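Enquirer: As a plain string of letters, each chain reads:
There are 2 protein chains.
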Amino acid sequence: MAELSITPAPPYYAAIFTSRRASDHEGYADMADRMMQLAHLQPGFLGVESVREGAIGITVSYWDSLEAIELWSRHVEHREAQRRGRQDWYEAYEIRVARVERARSFGRSEQ
Amino acid sequence: MAELSITPAPPYYAAIFTSRRASDHEGYADMADRMMQLAHLQPGFLGVESVREGAIGITVSYWDSLEAIELWSRHVEHREAQRRGRQDWYEAYEIRVARVERARSFGRSEQ
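Chains as they are written, first to last, in our numbering: chain S, 1 to 111; chain V, 1001 to 1111.
One thing to keep in mind: the hints can contain errors.
[Unchecked claim] Derived contacts from chain V toward chain S, CB cut-off under 7 Å, selection only:
| hint | residue |
| --- | --- |
| 1 | V1051 |
| 2 | R1102 |
| 3 | F1106 |
Bear in mind the hints are in silico, worked out from the structure with no lab data behind them. Values in this document were obtained by computation on a predicted structure and should not be read as measured data. Where is the CB? At the ideal position from N, CA and C, for every residue including glycine.
All chains, full assembly: derive it from the sequences and hints.
Expert: Listed below in structure tokens is the structure:
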């Protein structure tokens, strides 16, 4: 799961989700796995990158339009995960929706 | 260092740097610390969030303009770090420059 995403040429959209977890992790891992699965099935989904180091996590998901992000944010299971997140799992988070305008990649030939 | 950034109301810009490290880490930590210090001194710098989990890292830095990102990318010490990165430290990376159009935050009152 923790891999780099291959995305098309810009423009496209990114949802940058940064969070600080609370001490209550019960049910968190299952929810996170389920949200990953669901996101991949959403229309307009292009990829996701997610890492956590201690309490701080960054998940960046990529989408072909603002409408795709909007639809995903309103998905009924995602809504419930958001509610549980605010209630139990997160001390703080920020979601930034951004339009990717340029991208540049590097990969060694031996990969 | 691994904390959430407080950023102004959109619009502003994000540089999303995702990487997969190579096995050679020599000098990497010092460079990463130095780049963090330098970034904070750059004109137009708004904040940075950075986490690593195993080989995969995500660093998102926030800037008040595209020009600020451009200047930072051309900083002479940053250029040298980029060169060493491609030569030694990274197997692959992607840099995406994006315009943040919306942001929403959550923080518990007990913080």
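Enquirer: For every hint, state whether the structure bears it out.
Expert: Here's how the hints hold up against the structure:
{"no.": "1", "hint": "V1051", "in the structure": "4 Å, holds"}
{"no.": "2", "hint": "R1102", "in the structure": "4 Å, holds"}
{"no.": "3", "hint": "F1106", "in the structure": "5 Å, holds"}
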